[in-house]
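Participant: This is what each chain is made of:
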Amino acid sequence: DGGITQSPKYLFRKEGQNVTLSCEQNLNHDAMYWYRQDPGQGLRLIYYSQIVNDFQKGDIAEGYSVSREKKESFPLTVTSAQKNPTAFYLCASSIVDSTTYEQYFGPGTRLTVT
Amino acid sequence: QKEVEQDPGPLSVPEGAIVSLNCTYSNSAFQYFMWYRQYSRKGPELLMYTYSSGNKEDGRFTAQVDKSSKYISLFIRDSQPSDSATYLCAIRGQGGKLIFGQGTELSVKP
Numbered sequence: 001d002g003g004i005t006q007s008p009k010y011l012f013r014k015e016g017q018n019v020t021l022s023c024e025q026n027l028n029h030d031a032m033y034w035y036r037q038d039p040g041q042g043l044r045l046i047y048y049s050q051i052v053n054d055f056q057k058g059d060i061a062e063g064y065s066v067s068r069e070k071k072e073s074f075p076l077t078v079t080s081a082q083k084n085p086t087a088f089y090l091c092a093s094s095i096v097d098s099t100t101y102e103q104y105f106g107p108g109t110r111l112t113v114t
Numbered sequence: 001q002k003e004v005e006q007d008p009g010p011l012s013v014p015e016g017a018i019v020s021l022n023c024t025y026s027n028s029a030f031q032y033f034m035w036y037r038q039y040s041r042k043g044p045e046l047l048m049y050t051y052s053s054g055n056k057e058d059g060r061f062t063a064q065v066d067k068s069s070k071y072i073s074l075f076i077r078d079s080q081p082s083d084s085a086t087y088l089c090a091i092r093g094q095g096g097k098l099i100f101g102q103g104t105e106l107s108v109k110p
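Just so you know, the sequences run in chain order S and L. Going by our numbering, the first sequence opens with residue 1, and the numbers climb by one from there. Going by our numbering, the second sequence opens with residue 1, and the numbers climb by one from there.
Don't read these hints as lab results, they were simulated from the structure. Hints are supplied without guarantee of correctness; some may be wrong.
Looking from chain L toward chain S, a few residues come up when the C-beta cut is under 10 Å (computed) [what the hints assert, rightly or not]:
{"no.": "1", "residue": "Gln6"}
{"no.": "2", "residue": "Val13"}
{"no.": "3", "residue": "Pro14"}
{"no.": "4", "residue": "Glu15"}
{"no.": "5", "residue": "Gly16"}
{"no.": "6", "residue": "Met34"}
{"no.": "7", "residue": "Gln38"}
{"no.": "8", "residue": "Lys42"}
{"no.": "9", "residue": "Pro44"}
{"no.": "10", "residue": "Leu46"}
{"no.": "11", "residue": "Phe75"}
{"no.": "12", "residue": "Leu88"}
{"no.": "13", "residue": "Ala90"}
{"no.": "14", "residue": "Phe100"}
{"no.": "15", "residue": "Gln102"}
{"no.": "16", "residue": "Gly103"}
Quick caveat: nothing in here was measured; it's all calculated off a predicted structure. For each residue, glycine too, the CB sits at the ideal point set by N, CA and C.
All chains, please: the whole structure from these sequences, using the hints.
Facilitator: Printed below as a string of structure tokens:
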């Protein structure tokens with residue numbers, strides 16, 4: 001089955017620790033995205049990548065880092081510099097096409113930092 | 001002003017009701033409009049996709065775009081308890097990025 005997988009589903013960390021969230025896709029999509037979702041705030045873009053070894057900051061990149069070494073994988077690291085890391089994190093992918101840019105989402109990772 | 005505004009609700013309706021979900025946007029250059037449905041603790045899934053103005057129908061769902069008013073709507077006819085979810089409007093912005101509304105939480109009561 002083609003799709004996007006995110007692991008783990010739930011993640012707990014102590015304040016001050018970095019944590020890496022996994023995102024893998026087998027849809028052969030060129031573009032991948034990371035969003036953060038907080039209650040009542042919709043989805044906010046953290047980072048995105050349209051090609052391997054290249055990525056751009058989204059609207060709320062501070063305190064986060066990413067890498068794109070393979071087309072299928074786009075891991076997100078939440079660093080200790082992120083002031084409010086507790087949130088629901090969603091990964092998405094899409095083809096790069098001038099007519100659509102429909103994004104397909106993974107199941108999400110709920111991160112709790114205490 | 002946010003680029004996309006959506007009433008977060010929550011919205012509660014009885015089974016069988018017609019539901020109207022709405023978003024407004026600020027940039028008249030936007031042309032691609034989407035509605036995503038998100039069940040609790042899951043990732044969003046694309047429900048409807050429209051280009052420019054007009055209506056698009058898919059079963060019980062109708063997406064409507066009014067570019068003159070910068071207003072997009074999703075109508076659900078004969079709503080079912082299984083329609084209970086958060087509905088997010090999304091608009092394709094510059095560089096292919098999607099701009100999401102805050103999401104409207106819908107509950108359909110049996």
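Participant: Hint by hint, say whether it matches the structure.
Facilitator: Now the hints, each set against the structure:
Of the supplied interface hints, the one on glutamine 6 (chain L) holds, with its beta-carbon coming within about 7 Å of a beta-carbon of chain S, less than 10 Å. For valine 13 (chain L), the suggested interface contact is broken, since its CB lies about 20 Å from the closest CB of chain S, more than 10 Å. At its closest, the beta carbon of proline 14 (chain L) sits 24 Å from a beta carbon of chain S; the interface hint therefore is violated under the 10 Å criterion. Against a cut-off of 10 Å between C-beta atoms, the interface hint on glutamate 15 (chain L) is violated, since the closest Cβ of chain S lies about 26 Å away.
At a threshold of 10 Å, the smallest CB-CB gap from glycine 16 (chain L) to chain S is about 28 Å, leaving the interface hint violated. The beta carbon of methionine 34 (chain L) is positioned within 10 Å of a beta carbon in chain S (closest approach about 7 Å), and the interface hint is therefore held. The restraint placing glutamine 38 (chain L) at the interface with chain S holds, with a minimum CB-CB distance near 8 Å, inside the 10 Å limit. Hint status for lysine 42 (chain L): holds, given a least beta-carbon distance of 6 Å to chain S, under 10 Å.
With its C-beta approaching chain S no nearer than about 5 Å, proline 44 (chain L) sits inside the 10 Å limit, and its interface hint holds. Evaluation of the leucine 46 (chain L) hint against chain S yields a held restraint, the C-beta minimum of about 6 Å falling below 10 Å. Violation of the interface hint for phenylalanine 75 (chain L) is found here, the shortest Cβ-Cβ separation to chain S being roughly 21 Å, above the 10 Å cut-off. Taking 10 Å as the C-beta cut-off, the interface hint given for leucine 88 (chain L) holds, the closest approach to chain S being about 6 Å.
About 8 Å separates the beta-carbon of alanine 90 (chain L) from the nearest beta-carbon of chain S, less than 10 Å, and the hint is met. With 10 Å as the threshold, the beta carbon of phenylalanine 100 (chain L) comes within range of chain S, its nearest partner Cβ sitting at about 4 Å, so the hint holds. Evaluation of the glutamine 102 (chain L) hint against chain S yields a held restraint, the C-beta minimum of about 4 Å falling below 10 Å. Hint status for glycine 103 (chain L) relative to chain S: holds, with the closest Cβ pair at about 5 Å, below 10 Å.
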